[in-house]
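2 protein chains.
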Amino acid sequence: MAASASSLLAAAASSSCAAISPRLPRGAPAAASVPSPSRHTCPSLRASPARRHQSRFVASVAPTMQPSAESRVSTVVDVDLGDRSYPIYIGAGLLDEPDLLQRHVHGKRVLVVTNTTVAPLYLEKVTWALTHNNPNVSVESVILPDGEQYKDMDTLMKVFDKAIESRLDRRCTFVALGGGVIGDMCGFAAAAFLRGVNFIQIPTTLMAQVDSSVGGKTGINHPLGKNLIGAFYQPQCVLIDTDTLNTLPDRELASGIAEVVKYGLIRDAPFFEWQEKNMSALLAREPSALAYAIKRSCENKAEVVAQDEKESGLRATLNLGHTFGHAIETGTGYGAWLHGEAIAAGTVMAADMSHRLGWIDESIRKRVVDILEQAKLPITPPETMTVEKFKSIMAVDKKVADGLLRLILLKGPLGSCVFTGEYDRKALDETLHAFCNN
Amino acid sequence: MAASASSLLAAAASSSCAAISPRLPRGAPAAASVPSPSRHTCPSLRASPARRHQSRFVASVAPTMQPSAESRVSTVVDVDLGDRSYPIYIGAGLLDEPDLLQRHVHGKRVLVVTNTTVAPLYLEKVTWALTHNNPNVSVESVILPDGEQYKDMDTLMKVFDKAIESRLDRRCTFVALGGGVIGDMCGFAAAAFLRGVNFIQIPTTLMAQVDSSVGGKTGINHPLGKNLIGAFYQPQCVLIDTDTLNTLPDRELASGIAEVVKYGLIRDAPFFEWQEKNMSALLAREPSALAYAIKRSCENKAEVVAQDEKESGLRATLNLGHTFGHAIETGTGYGAWLHGEAIAAGTVMAADMSHRLGWIDESIRKRVVDILEQAKLPITPPETMTVEKFKSIMAVDKKVADGLLRLILLKGPLGSCVFTGEYDRKALDETLHAFCNN
Numbered sequence: 001m002a003a004s005a006s007s008l009l010a011a012a013a014s015s016s017c018a019a020i021s022p023r024l025p026r027g028a029p030a031a032a033s034v035p036s037p038s039r040h041t042c043p044s045l046r047a048s049p050a051r052r053h054q055s056r057f058v059a060s061v062a063p064t065m066q067p068s069a070e071s072r073v074s075t076v077v078d079v080d081l082g083d084r085s086y087p088i089y090i091g092a093g094l095l096d097e098p099d100l101l102q103r104h105v106h107g108k109r110v111l112v113v114t115n116t117t118v119a120p121l122y123l124e125k126v127t128w129a130l131t132h133n134n135p136n137v138s139v140e141s142v143i144l145p146d147g148e149q150y151k152d153m154d155t156l157m158k159v160f161d162k163a164i165e166s167r168l169d170r171r172c173t174f175v176a177l178g179g180g181v182i183g184d185m186c187g188f189a190a191a192a193f194l195r196g197v198n199f200i201q202i203p204t205t206l207m208a209q210v211d212s213s214v215g216g217k218t219g220i221n222h223p224l225g226k227n228l229i230g231a232f233y234q235p236q237c238v239l240i241d242t243d244t245l246n247t248l249p250d251r252e253l254a255s256g257i258a259e260v261v262k263y264g265l266i267r268d269a270p271f272f273e274w275q276e277k278n279m280s281a282l283l284a285r286e287p288s289a290l291a292y293a294i295k296r297s298c299e300n301k302a303e304v305v306a307q308d309e310k311e312s313g314l315r316a317t318l319n320l321g322h323t324f325g326h327a328i329e330t331g332t333g334y335g336a337w338l339h340g341e342a343i344a345a346g347t348v349m350a351a352d353m354s355h356r357l358g359w360i361d362e363s364i365r366k367r368v369v370d371i372l373e374q375a376k377l378p379i380t381p382p383e384t385m386t387v388e389k390f391k392s393i394m395a396v397d398k399k400v401a402d403g404l405l406r407l408i409l410l411k412g413p414l415g416s417c418v419f420t421g422e423y424d425r426k427a428l429d430e431t432l433h434a435f436c437n438n
Numbered sequence: 001m002a003a004s005a006s007s008l009l010a011a012a013a014s015s016s017c018a019a020i021s022p023r024l025p026r027g028a029p030a031a032a033s034v035p036s037p038s039r040h041t042c043p044s045l046r047a048s049p050a051r052r053h054q055s056r057f058v059a060s061v062a063p064t065m066q067p068s069a070e071s072r073v074s075t076v077v078d079v080d081l082g083d084r085s086y087p088i089y090i091g092a093g094l095l096d097e098p099d100l101l102q103r104h105v106h107g108k109r110v111l112v113v114t115n116t117t118v119a120p121l122y123l124e125k126v127t128w129a130l131t132h133n134n135p136n137v138s139v140e141s142v143i144l145p146d147g148e149q150y151k152d153m154d155t156l157m158k159v160f161d162k163a164i165e166s167r168l169d170r171r172c173t174f175v176a177l178g179g180g181v182i183g184d185m186c187g188f189a190a191a192a193f194l195r196g197v198n199f200i201q202i203p204t205t206l207m208a209q210v211d212s213s214v215g216g217k218t219g220i221n222h223p224l225g226k227n228l229i230g231a232f233y234q235p236q237c238v239l240i241d242t243d244t245l246n247t248l249p250d251r252e253l254a255s256g257i258a259e260v261v262k263y264g265l266i267r268d269a270p271f272f273e274w275q276e277k278n279m280s281a282l283l284a285r286e287p288s289a290l291a292y293a294i295k296r297s298c299e300n301k302a303e304v305v306a307q308d309e310k311e312s313g314l315r316a317t318l319n320l321g322h323t324f325g326h327a328i329e330t331g332t333g334y335g336a337w338l339h340g341e342a343i344a345a346g347t348v349m350a351a352d353m354s355h356r357l358g359w360i361d362e363s364i365r366k367r368v369v370d371i372l373e374q375a376k377l378p379i380t381p382p383e384t385m386t387v388e389k390f391k392s393i394m395a396v397d398k399k400v401a402d403g404l405l406r407l408i409l410l411k412g413p414l415g416s417c418v419f420t421g422e423y424d425r426k427a428l429d430e431t432l433h434a435f436c437n438n
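Protein chains in written order, with full-length UniProt numbering: chain U, 1 to 438; chain C, 1 to 438.
If you are wondering where the hints come from, they were derived from the structure by calculation, not from laboratory data. Do not rely on the hints blindly, as some may be mistaken.
Repeated chains share a single entry, so a pair holds when one copy, or any two copies, can fit it.
[Unchecked claim] Below are the DSSO-like pairs computed for lysine-lysine, each with C-alpha atoms no more than 27 Å apart in a straight line:
#: 1; residue 1: Lys125; residue 2: Lys426
#: 2; residue 1: Lys376; residue 2: Lys411
#: 3; residue 1: Lys376; residue 2: Lys366
#: 4; residue 1: Lys108; residue 2: Lys125
#: 5; residue 1: Lys108; residue 2: Lys310
#: 6; residue 1: Lys158; residue 2: Lys391
#: 7; residue 1: Lys411; residue 2: Lys277
#: 8; residue 1: Lys310; residue 2: Lys411
#: 9; residue 1: Lys108; residue 2: Lys162
#: 10; residue 1: Lys391; residue 2: Lys108
#: 11; residue 1: Lys162; residue 2: Lys310
#: 12; residue 1: Lys125; residue 2: Lys310
#: 13; residue 1: Lys391; residue 2: Lys162
#: 14; residue 1: Lys162; residue 2: Lys389
#: 15; residue 1: Lys391; residue 2: Lys125
#: 16; residue 1: Lys158; residue 2: Lys376
#: 17; residue 1: Lys411; residue 2: Lys158
#: 18; residue 1: Lys411; residue 2: Lys426
#: 19; residue 1: Lys389; residue 2: Lys108
#: 20; residue 1: Lys158; residue 2: Lys389
#: 21; residue 1: Lys411; residue 2: Lys391
#: 22; residue 1: Lys376; residue 2: Lys162
One chain only, chain U, in its complex shape (with noise of 0.2 Å):
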């Protein structure tokens, strides 16, 4: 398969690193100005045929700088995790490259999970991207109904049927194509299916390619809770076509938007820098800029997952605004509001409640609320979220550890922040109470 790798091949297989591009793109800053080495290096790129390619498009190479919006966006960000190590792909039409894919496929039989939505749009052409010149290889698929509130374990064991109809065994492949919730449910079929088969992630809206495909969190929702029951299981590949976002609703859109603006605010105060000047190309979707909000999305992601994979610590930073963002999906019921939306509340509720504390200068707070509300998402949790339900929600949440719950909250410059159980209560209260109604 290798002989046959093409161009597209050569250009998924370029660098995220500035240091060895050969071109820049328009508007790139001298390599002076690139920012410090211990962020924005490559990672280790594992020695494979396609990353010995020379790199043919460059995405961005600099989180300051205006991608020019015309360039063709190719990309590999390598998740560096020992023995489950595997790269993200990202670039324009790699659906239209079956080598990519194929190459990552075990066995000879893959289970395509996707949805009542993105089925119609996407469901035919990653069958023939996975058989085009392969006749070994037969695929199965199950389209599950769309929506947050049916990640559950009735919808799960759909895919389990399936799998079991079809014979399938433990050298197949699991194919998640759709959003965060596909994914989440098909990695852990995949994790739990004769107690693991690998799986490929394919994710098709903005928040599952900056977020929810890369890093190995699979799971379902209960009842009572987000993500209580799941598993950290890693996929073989993520592959971002970014023509997928095409066909993204703009509230989807908006959702994802909501994860970007997290990676700036715990970790790299350049790219929410960046974003506060290209918000508006990311709303108008031009492809270059969406481009490199994923891509630095995905290094920031990748950077923070390979350091702690089972979120012992660091990783824990990634769930900024999500605490009091969990108790907004749960305690409106799944799918009245889309995940981002929840987060882009909780982060401005995060944000009021670090700066209550004393941890953030007003400014930061202030840019917090309008960078959301540049990108039209909520910044206040709605009204049927009373404080009492905030709080018995949020006793179950998973960062609570011997009854004490642990926040991610803003703390120092702008690109700072920390994962504790030490607070003022006061402050919590305080916040509740400030965004809620008794």
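Dock chain C against chain U, hints included.
Here is chain C on its own, set in the frame of chain U:
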């Protein structure tokens, strides 16, 4: 807690390694006759306070000897899996010693998962052992219906419901108190709850003590096949109180013996010969005979699992008779036959097929039949199992790879087997027709 470790702790910490034992039980052979070190030396004991104690009681030191009926038995077998290593404690009255259990509890909250049969017998005792002189720990319990037919997703959800309603967090510990069904379900629940919490196995059936509680295979059944949904997930420790066998029905005892016989057949000829001589002692529940059978079984399993945790090859040999046996269990409806009963008939079928292939002598085939008959186990499948039924269920076995059914078959002298898909299909057909109606 180490300071309060009583004599029993020291006893429990005694090594299974003959070479360092200060005392030999009556009837033990001289050191020179202890079999080859590769199998019978100590697995690497991890440093822990308990293990630095001198052993006070020694179970038995060589597979060819007859253990003394009077010897009080207490030993530790280590499962060596790097950072997932754990001890198996084997002894009479271990549940009367709270320190042993408490040292492996993480956090302050415990959920005991048990069933309607075991709860009245041991739940109070285990709760006492968890909380005695340990007021910081609180214990919840969930009591499931008893039987293989309840090893399903609906019953599993009751464990999640209880854990979430009790607001358990990531620092809790699940305790499996019961037989193999409870161990498998509790283990899978622990693997999936909040993406993984600690758990402890307290097996109360011989089947669970010699096999299912050791090695980290967890899971539930699907209507179309056994254990098709699950995880590899290791416990913190396995605590085998052999006194719990006093309440075990005869049929359950025999069921466990089927797995004991398996270890002899696949890798430990001296153990098989010991069983041939001591079957009546096992059936009469002589404590030292049972303790020796448990210890030697756990040692065999620990050695296999340490070499191949995720069943890429060697570990599959532990499934001798299981492909036929699982088909019987699935085909007759879960719970009609006990697991070991189905495995016994399956083992006879595997021996028959091995003999048809010319891989073992007739004398070995006959010894397999004889020992299982002596254990009062079935040596043929039930009449309802047709050839077609076997074939159709075996096609979804986890050991099918790319459509090829691989089997564990005996090959060579006693104590030798192979795991292979390369066999004459005619022999499989002949065996099925010899044992079944059409």
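Hint check, failures only: Numbers 1, 12, 15, 16, 17 and 22 - these are the hints that the structure violates, sorted from lowest upward.
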